[in-house]
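Asks: Going down the list, the sequences are from chains C and W. Using the numbering used here, the first residue of the first sequence is number 1, and each one after it goes up by one. Using the numbering used here, the first residue of the second sequence is number 1, and each one after it goes up by one.
Hints are computed from structural coordinates only; laboratory data are not their basis. Fair warning: there could be bad hints in the mix.
[As the list claims (entries may be wrong)] Derived pair list, reagent style SDA-like, types lysine to any residue, alpha-carbon separation capped at 25 Å: (1) W:Lys445 with C:Glu257; (2) W:Lys445 with W:Asp74; (3) W:Lys445 with C:Leu298; (4) W:Lys438 with C:Leu309; (5) W:Lys438 with C:Pro302; (6) C:Lys241 with W:Gln461; (7) W:Lys438 with C:Leu77; (8) W:Lys445 with C:Ser243; (9) W:Lys445 with C:Glu236; (10) W:Lys445 with C:Ala235; (11) W:Lys178 with W:Ala70; (12) C:Lys161 with W:Asp397; (13) C:Lys241 with W:Asp397; (14) W:Lys445 with C:Leu77.
What follows is the residue order along each chain.
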Amino acid sequence: MLLGLSLDGGREEEGRRVEVEEEEAPQNEPRRLGIVWEGERESSLPTHTSTINNAEIAHFSKLSSQWWDEQGEFSFLHKMNPVRVQFIREKLLQAAYEDGVIPEDTPSTHNPLRRLDVLDVGCGGGLLSESLARLGAHTLGIDASLSNIRIAQMHASADPKLRSTLTYFHTPAETLLTADPKRYDVVCSMEVLEHVDNPATFLTTCAQLVKPGGHLFLSTISRTPLAYLLTIVMAEQVLRKVSPNTHTYSKFIKPSELIDFFKAYRSPIDENSEALSRPWINPNLEYPTRVEAEVRGLIYNPLQARWVLAPRDAFGATECNYLFWVRKPNNP
Amino acid sequence: MSLLSPTSLRVATAPIRRIARFNSTISYSSGYEDYDIVVVGGGPVGLAFASALSSSSLVRQNLRVALVEAGDLDKVRNWSMPSDSYSNRVSSLTNASQAFLREIGAWRFVDTKRTCSVEQMQIWDGISNARITFDATDMGLPEVRHGMAHLIENLNLQRALLHSLSESGGIELLDKTKVSTIIRDAEDQGGWPVVHLNDYRALRSRLLVGADGFNSPVRSYANIDSYGWSYDTQGVVATLFHPPRGAFQGPNTTAYQRFLPTGPIAFLPLSPTTSSLVWSTRPHIARALLASEPAVIASMVNAAFRLPEVSIRYLHDCIVSAHASGEPLTHSELTDEIHWREQSHGIDPHSAYASAIVNILNLEAVPPEDAESVPPLVTSLQPGTVASFPLRYNHTDSYIGEGAGSRTVLIGDAAHTIHPLAGQGLNLGLADVETLAKCINNTLKLGGDIGSYTALLPYAQERYLSNHILLSTVDKLHKIYSTDFDPVVWARTVGVEVLNELDILKGTMMAAAGAQVPIYPQSNWNGIAKGFETIMTTSHTVKYIAEKVSNILASRLQGLVKSPTAKKGNST
Chain C
1 MLLGLSLDGG REEEGRRVEV EEEEAPQNEP RRLGIVWEGE RESSLPTHTS
51 TINNAEIAHF SKLSSQWWDE QGEFSFLHKM NPVRVQFIRE KLLQAAYEDG
101 VIPEDTPSTH NPLRRLDVLD VGCGGGLLSE SLARLGAHTL GIDASLSNIR
151 IAQMHASADP KLRSTLTYFH TPAETLLTAD PKRYDVVCSM EVLEHVDNPA
201 TFLTTCAQLV KPGGHLFLST ISRTPLAYLL TIVMAEQVLR KVSPNTHTYS
251 KFIKPSELID FFKAYRSPID ENSEALSRPW INPNLEYPTR VEAEVRGLIY
301 NPLQARWVLA PRDAFGATEC NYLFWVRKPN NP
Chain W
1 MSLLSPTSLR VATAPIRRIA RFNSTISYSS GYEDYDIVVV GGGPVGLAFA
51 SALSSSSLVR QNLRVALVEA GDLDKVRNWS MPSDSYSNRV SSLTNASQAF
101 LREIGAWRFV DTKRTCSVEQ MQIWDGISNA RITFDATDMG LPEVRHGMAH
151 LIENLNLQRA LLHSLSESGG IELLDKTKVS TIIRDAEDQG GWPVVHLNDY
201 RALRSRLLVG ADGFNSPVRS YANIDSYGWS YDTQGVVATL FHPPRGAFQG
251 PNTTAYQRFL PTGPIAFLPL SPTTSSLVWS TRPHIARALL ASEPAVIASM
301 VNAAFRLPEV SIRYLHDCIV SAHASGEPLT HSELTDEIHW REQSHGIDPH
351 SAYASAIVNI LNLEAVPPED AESVPPLVTS LQPGTVASFP LRYNHTDSYI
401 GEGAGSRTVL IGDAAHTIHP LAGQGLNLGL ADVETLAKCI NNTLKLGGDI
451 GSYTALLPYA QERYLSNHIL LSTVDKLHKI YSTDFDPVVW ARTVGVEVLN
501 ELDILKGTMM AAAGAQVPIY PQSNWNGIAK GFETIMTTSH TVKYIAEKVS
551 NILASRLQGL VKSPTAKKGN ST
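Take these sequences, add in the hints, and give me the full structure.
Replies: Right, dumping it as structure tokens:
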């Protein structure tokens, strides 16, 4: 229905039920309208498991009930979320200026997300998806863990602001790519890359889900001694703020590796031809230009208990958590 | 979590939908109306918060906001008084508070003719007479013309806020409406607070703001504990009339406060011939005062600013015992008593400290030398303005509700009540309002959920500690000045005299108390330069302070050695 995917029985029944409700009581907007209940069984869809790590999925499924405990396991992510949105806003606003979509004198309060199609890959409990949907983006959150999706749906269903703009779906990104032709203005995948098995395949999938001229946002952790100290030794072992084994050091990815990937990566111009675009980042330049890509450090200030977006090119800022933005070329 | 299994989800949603069918006149299945913010309480702080919200276009475009108030706001909106009379509830607005009210566009609606700029403050010790003087010109402010604070009738401010609200719109004002109960929505509906009103409406609220004063129902719902106590003290207020200051004196723009062991008495100027009284005193004295005829209260006020403490204590005893006997002290009895006391203290009848005979002074005459160290002589009280209220110290454990009380936040007196001696109660509330409104705007800009703990945390982080410091400072001041225990009197006297000599420190204190409009450094470099400058001047300052302190200590130590002999002479 919504995504053109094969539906199982439970879904069909749910969809029909919503329609009946609308007919019977047109004034009674059902609380869960617009939020699609999906997947009654873990393996409801054929899964391309090339990047999914089952141990990781099991780990997060176990923690899923804690997603919205703002002072618990995921408190760091809750606090990080506004900074992620700030970065996404800033980059989209800048791109809109550069494309001439909005005039130069547009105030910084302008909301560039309104009515964009946004995909949040690995949405977890929906922390980022909810924020983007509240800003008016038509947001689809997907996650490979059914329990995450359930938590996300249940949480969003309480919020009347999200009824028309937010949808969740239980699927891996690879399945969505092959099963649904829809592509997105913005694809986000926050704190996911360090949990997947085959990052290159995962990045390719995400990149293919982006419309030409669209944006890909990632956030992850760099593979440095500092990152090891902060995310594994401190957060997991000493302070116990994060469950042990949440992070695996060898899966961390350096910003330079992401840049190198997109210096080599060319996306298919259309799904049916062999033709490829130019690389997303110009391989002849040492650093990406500001219209191609950007890496920004995310720094936690324990005194204020607050994350801050480090200034561009701040020394050492990308040694641990960082945000990455890259734009898909508009034309060959 | 068994709740989340597919079957129980169905079970949980089904009954709610069934209810909806029988309840078809109301827009949502549960019968609740969805709001983003519900503010409970339409006092100055609640209205200022609503006003701050309505001044933001982001809020007006995105949020549905209601303010619930039990009283009739039309009465406040249409409030007016003849220009020569004043309401008895007056607050001091610091320049910081005023700047905020300008920023949200509410100050334009204030009737500034009814406000009074405070150019000077004189505060002295009821026992030792150690005096500290704050002067707007001492502070080196760029805005000296504003004085250090403005005195304003609460109703003047509330009326301005209401007019500002109707101009910018976007806020639903539900007045003459009581909150009957607040309950938590079902867990699977997010557990949002639902405010049930006495007109049977039920507002399901993303964020519930408690601006509902000391006995805050929102605080009880949120289950936030608080720490505090009642002072054994009542605040007596009244509007005072007096002749204007003479041609050779400054205008009536000085606020006076004398710390008596029973509590501070304050004289706050409103106009050349009108001022406001805030007299904190023991409950039995307050009761006797309230039962006295107005002329007696006026004479008691005059005496309280002038006579030595030992005589004031005697006068207190007089009115209390007269009140207890059922035959209140008459004005002539009191005047005779004051007259006799003045003579025995050797107070020159022409001195400003003489109050027994209130003769309308010749305004052209040269006033006594000490005329400006006490307030003008009160001649009468505005009828119907004498009132009293209990004073208390209270600070909640948290400003943000958690767990079952989540999506709630407290501002103003609901979060903290403070002794009025520093005139900071409303200013703290307005600072809360400013921070919370900014916090909400930032969250909206980033798509956050304004009711979430994470979104509200910066508000608590910014306000809790600074409120706590001021609350406890004022509390300590009250306690230090409530004693006549010699060493404490000595220490506080030295402290105040040292402070009075240090203009730099006074300037800093006033800035901290909000007299100065905060100026944020333009850039980091500016800040660094400022810091360097400070270090360079600090060494001079230390030398200067050391000199002053040693002088005062030396003279006070001499005084302490002499005092036992002097005391003996006094008490006989």
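Asks: Does each hint fit the structure? Answer for all of them.
Replies: Hints, one by one, checked against the model:
no. : hint                   : verdict
1   : W:Lys445 with C:Glu257 : 32 Å, violated
2   : W:Lys445 with W:Asp74  : 34 Å, violated
3   : W:Lys445 with C:Leu298 : 19 Å, holds
4   : W:Lys438 with C:Leu309 : 19 Å, holds
5   : W:Lys438 with C:Pro302 : 22 Å, holds
6   : C:Lys241 with W:Gln461 : 20 Å, holds
7   : W:Lys438 with C:Leu77  : 22 Å, holds
8   : W:Lys445 with C:Ser243 : 31 Å, violated
9   : W:Lys445 with C:Glu236 : 32 Å, violated
10  : W:Lys445 with C:Ala235 : 30 Å, violated
11  : W:Lys178 with W:Ala70  : 5 Å, holds
12  : C:Lys161 with W:Asp397 : 31 Å, violated
13  : C:Lys241 with W:Asp397 : 24 Å, holds
14  : W:Lys445 with C:Leu77  : 18 Å, holds
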